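Engineer: Chain by chain, the residues:
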Amino acid sequence: MQEKTLALLKNVFKNYYFKHSDKVEVPERIEEREFGYMPFGGGMIRHLAVKTAGELKAMLVKEAPYGVYASSSYYNDPGLPMAEKGWKGGDLVFDIDADDLNMPCKAEHDWWICKTCGNAEVGLRPQNCPSCSNIKIQTLNWACDKCLGASKNEVIKLQEILMRDFSMSEKEITIYFSGNKGYHMNVVSKAWYDMDQRARNEIADYVSGKGLRLETFGFSYNISYTDMLPRLPVIGEPSWRGRFAEFIRSYGDDRGSDSRIKAASIFSKTKPEEFQNVITSTAKQYGSKVDPSVTTDIHRIFRLAGSLHGDSGLSKRRCSNILSFNPMVDAVEIDDGEIEVFVKFCSKFSLKGNTFGPYIKQNVKLPLYAATYLMSKGLAEVSP
Amino acid sequence: MTTVELDAETLAKYPFLHETGDYIRRLQFDISELTKPENAKVVQRAKERVLEAIKKAKVSKETANIEIEILSFPLALVFVRAAGLEHLMSRYAFAEAMRVESFLEREKTSTVALIFYRVTGISPEFLYTKSFEFKIPVTEYLRRATYFHTPEWKLVNRIVDNGYVYVKKLELVRLTREEIKNLIHNRLHTLSSFKTPQEFQPIIEELVKSSPTPIDAGEEITVTPDKYPPCLVRALELLQTGQNVPHYGRFLMATFLLSIGKSVNDIVQLYPKVPDFNEKITRYQVEHIAGLRGGRTRYKVPSCRTLATHNFCFRTQACGTIINPLQFARQKPQEKKVKKKVARKDTSTS
Chain A
1 MQEKTLALLK NVFKNYYFKH SDKVEVPERI EEREFGYMPF GGGMIRHLAV
51 KTAGELKAML VKEAPYGVYA SSSYYNDPGL PMAEKGWKGG DLVFDIDADD
101 LNMPCKAEHD WWICKTCGNA EVGLRPQNCP SCSNIKIQTL NWACDKCLGA
151 SKNEVIKLQE ILMRDFSMSE KEITIYFSGN KGYHMNVVSK AWYDMDQRAR
201 NEIADYVSGK GLRLETFGFS YNISYTDMLP RLPVIGEPSW RGRFAEFIRS
251 YGDDRGSDSR IKAASIFSKT KPEEFQNVIT STAKQYGSKV DPSVTTDIHR
301 IFRLAGSLHG DSGLSKRRCS NILSFNPMVD AVEIDDGEIE VFVKFCSKFS
351 LKGNTFGPYI KQNVKLPLYA ATYLMSKGLA EVSP
Chain B
1 MTTVELDAET LAKYPFLHET GDYIRRLQFD ISELTKPENA KVVQRAKERV
51 LEAIKKAKVS KETANIEIEI LSFPLALVFV RAAGLEHLMS RYAFAEAMRV
101 ESFLEREKTS TVALIFYRVT GISPEFLYTK SFEFKIPVTE YLRRATYFHT
151 PEWKLVNRIV DNGYVYVKKL ELVRLTREEI KNLIHNRLHT LSSFKTPQEF
201 QPIIEELVKS SPTPIDAGEE ITVTPDKYPP CLVRALELLQ TGQNVPHYGR
251 FLMATFLLSI GKSVNDIVQL YPKVPDFNEK ITRYQVEHIA GLRGGRTRYK
301 VPSCRTLATH NFCFRTQACG TIINPLQFAR QKPQEKKVKK KVARKDTSTS
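From first to last, the protein sequence lines are chains A and B.
In terms of the working numbering, the first sequence has 116 at position 116, counting the first letter as 1, and numbering is strictly consecutive.
In terms of the working numbering, the second sequence has 310 at position 310, counting the first letter as 1, and numbering is strictly consecutive.
Hints are computed from structural coordinates only; laboratory data are not their basis.
A few of these clues could be false.
[Claimed, not checked] Pairs of lysine to any residue, SDA-like flavour, derived with a Cα cap of 25 Å:
| id | chain 1 | residue 1 | chain 2 | residue 2 |
| --- | --- | --- | --- | --- |
| 1 | B | Lys280 | A | Leu140 |
| 2 | B | Lys280 | A | Ser167 |
| 3 | A | Lys115 | B | Glu179 |
| 4 | B | Lys300 | B | Leu239 |
| 5 | B | Lys273 | A | Trp112 |
| 6 | A | Lys136 | B | Arg143 |
| 7 | B | Lys169 | A | Ile173 |
[What the hints assert, rightly or not] To spell it out: a stretch of chain A is covered by chain B in this simulated footprint if at least three of its residues, at any positions, have a beta carbon under 8 Å from a beta carbon of chain B; those stretches are:
| id | stretch |
| --- | --- |
| 8 | 36-48 |
| 9 | 193-207 |
| 10 | 212-221 |
| 11 | 286-298 |
| 12 | 309-322 |
| 13 | 371-379 |
[What the hints assert, rightly or not] Here are some chain B residues the structure puts well away from chain A; computed CB gaps all over 10 Å:
| id | residue |
| --- | --- |
| 14 | Asn39 |
| 15 | Lys47 |
| 16 | Leu142 |
| 17 | Arg143 |
| 18 | Arg158 |
| 19 | Ile159 |
| 20 | Asp161 |
| 21 | Lys168 |
| 22 | Gln198 |
| 23 | Lys209 |
| 24 | Thr241 |
| 25 | Lys262 |
| 26 | Gln285 |
All values reported here derive from a predicted model rather than from experimental measurement.
A virtual CB, placed ideally from N, CA and C, is assigned to each residue, including glycine.
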């Protein structure tokens with residue numbers, strides 16, 4: 001990114017924090033959290049202790065960071081090195097990223113750039129650059145409406161599992177648009193506060209259905225059909241057994257028959273490795289594809305709600321109604337003022353209800369929010 | 001859960017309960033009296049408890065003389081504490097917990113629930129279904145079951161409903177065993193040290209001598225590339241073909257290779273083909289993992305379970321029952337032995 005573009009972006013961010021500091025959500029128990037930020041130009045500054053909301057907001061205006069983060073954990077002394085902070089507990093957090101969903105539309109809107117010869121094309125990253133055969137290839141992942149819609153669907157499934165299976169209340173759960181390609185979910189509850197990494201690992205696996213085994217659903221290759229049948233799940237059972245019965249009901253064409261008989265029939269006609277795929281499909285359909293490293297890492301710092309995402313210029317926004325939330329409208333906080341930029345390349349995109357692009361190597365006059373979006377992604381530079 | 005009076009027979013089975021102290025006080029018994037000849041059987045049983053732990057990893061279910069059984073438990077704790085060996089403390093706690101488990105397995109569900117409550121402070125709720133006898137809060141389940149490695153204990157394979165996990169009677173017994181092991185282990189650590197009577201010194205010396213030398217878990221082992229676990233092989237393959245190695249793959253590679261004696265340099269040199277390679281950053285990260293930077297914590301090789309959560313477990317049959325990739329190289333000779341046995345059997349029957 002050119003110096004001029006970097007300076008402009010920093011200025012846009014500074015203006016936002018100056019004018020809209022009220023939109024930055026000050027986390028509860030601020031003095032027990034670790035803060036960190038990434039300045040424009042690279043690097044990461046961590047292990048900061050911030051005592052008050054005023055101090056936080058002053059820091060944001062002064063530094064105008066590329067990204068700002070606060071720990072989901074609480075510490076005795078958050079300003080000390082990690083080993084000395086004294087972990088007290090932490091919110092339970094989940095991250096759903098559109099990239100991880102591997103949507104078919106990725107091939108239509110993701111780009112790759114060869115770091116050696118500069119060749120750039122739309123599509124999934126090839127093993128080697130077709131022009132120079134080099135393997136050093138950078139990818140540029142994009143999130144379209146379909147990707148963000150699919151991410152939202154994962155959020156809804158996650159919320160349902162947390163409420164139904166884990167008995168978490170709607171009040172304890174807060175959903176945020178991440179500011180770029182997905183959603184974050186925070187659970188603030190005394191019940192879950194002191195769960196260690198192992199427990200958080202198990203929760204991440206549970207909500208995504210990872211590690212489900214045949215025996216959980218009553219299947220066995222060592223017992224007779226008659227003995228196995230009563231062990232199989234029926235519709236209405238709680239947990240993954242119930243979800244499996246639901247999955248089996250809608251599996252194939254025969255949708256009316258008894259779920260146990262149908263499951264047993266599929267089991268007896270399918271090779272073991274293929275039947276495992278039926279279970280994996282259940283997990284995919286009913287589970288939520290969360291990033292396990294985020295949920296399990298109790299020392300991670302998490303993007304601050306209301307702050308701007310350096311890779312998009314969009315804000316991390318609280319979604320009070322996930323169903324009606326539209327990230328490409330509701331998370332656009334930058335002003336409308338027009339600016340001319342040189343766009344290297346970009347797919348068609350839509351912000352604030354307006355559609356832009358596709359553009360390839362051209363100067364374009366764009367509203368500041370759209371120009372910021374492209375510059376943040378490294379796809380545009382301030383026009384000379 | 002309502003207060004229940006426990007009789008001496010129950011205390012003999014479960015001597016770690018706080019009522020044991022009351023029982024001993026009622027007998028107006030003092031440790032100094034244990035050196036008297038009339039208490040030789042108590043001393044003998046206490047010594048036997050520890051020796052059984054060392055030799056069989058399980059204390060026997062002796063209840064012929066209730067008083068001896070109750071009094072010998074705290075004395076055995078004194079012996080183990082006086083021996084001052086950490087691995088003996090762990091082994092003894094485990095062996096006593098195994099003893100309790102074999103009693104509990106035969107108890108009524110109400111007794112199982114009561115003992116669980118006594119050691120955890122959590123009242124399991126009765127379910128009265130064919131498959132499950134109890135349910136316990138999911139948070140309490142997670143605090144305990146995450147230490148078990150078999151897949152049926154994974155939360156995803158449990159029935160989780162409305163904040164509770166369903167458990168069978170024998171599963172609650174297993175959870176209780178773990179809790180008792182920790183309880184006894186903690187008690188051994190917090191036992192106030194006092195001067196052990198001189199008469200017991202020969203016993204303590206004998207226990208120290210009988211206790212096997214522990215395996216040094218932190219010991220550096222030599223592993224040749226042909227004995228690398230499949231997950232590490234996968235990470236190295238990705239590196240060599242210039243593909244992106246996910247975070248946990250990189251973490252595994254660094255921790256594993258450091259554990260088997262490779263240097264930071266050796267590890268950094270593996271990375272240049274990675275698309276986002278930056279030597280300075282890679283070196284910093286490997287040094288951080290090696291405990292040379294930041295908090296100076298040397299990171300351990302992640303467990304197979306953690307790698308599975310992060311989609312970096314490529315388990316094959318050769319992995320057997322290992323729970324950490326470092327165990328892969330260690331378990332191979334055993335496999336070969338099994339294969340040889342099978343081969344011999346085949347020859348003899350042909």
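Engineer: Against each hint, give a clear statement of whether it holds in the structure.
Structural biologist: Cross-check of the supplied hints:
| no. | hint | in the structure |
| --- | --- | --- |
| 1 | Lys280(B) x Leu140(A) | holds (23 Å) |
| 2 | Lys280(B) x Ser167(A) | violated (46 Å) |
| 3 | Lys115(A) x Glu179(B) | violated (56 Å) |
| 4 | Lys300(B) x Leu239(B) | holds (21 Å) |
| 5 | Lys273(B) x Trp112(A) | holds (17 Å) |
| 6 | Lys136(A) x Arg143(B) | violated (44 Å) |
| 7 | Lys169(B) x Ile173(A) | violated (34 Å) |
| 8 | 36-48 | violated (count 0) |
| 9 | 193-207 | holds (count 10) |
| 10 | 212-221 | holds (count 4) |
| 11 | 286-298 | holds (count 3) |
| 12 | 309-322 | violated (count 0) |
| 13 | 371-379 | violated (count 0) |
| 14 | Asn39 | holds (44 Å) |
| 15 | Lys47 | holds (37 Å) |
| 16 | Leu142 | violated (4 Å) |
| 17 | Arg143 | violated (7 Å) |
| 18 | Arg158 | violated (7 Å) |
| 19 | Ile159 | violated (5 Å) |
| 20 | Asp161 | violated (4 Å) |
| 21 | Lys168 | holds (13 Å) |
| 22 | Gln198 | holds (44 Å) |
| 23 | Lys209 | holds (37 Å) |
| 24 | Thr241 | violated (8 Å) |
| 25 | Lys262 | holds (24 Å) |
| 26 | Gln285 | holds (13 Å) |
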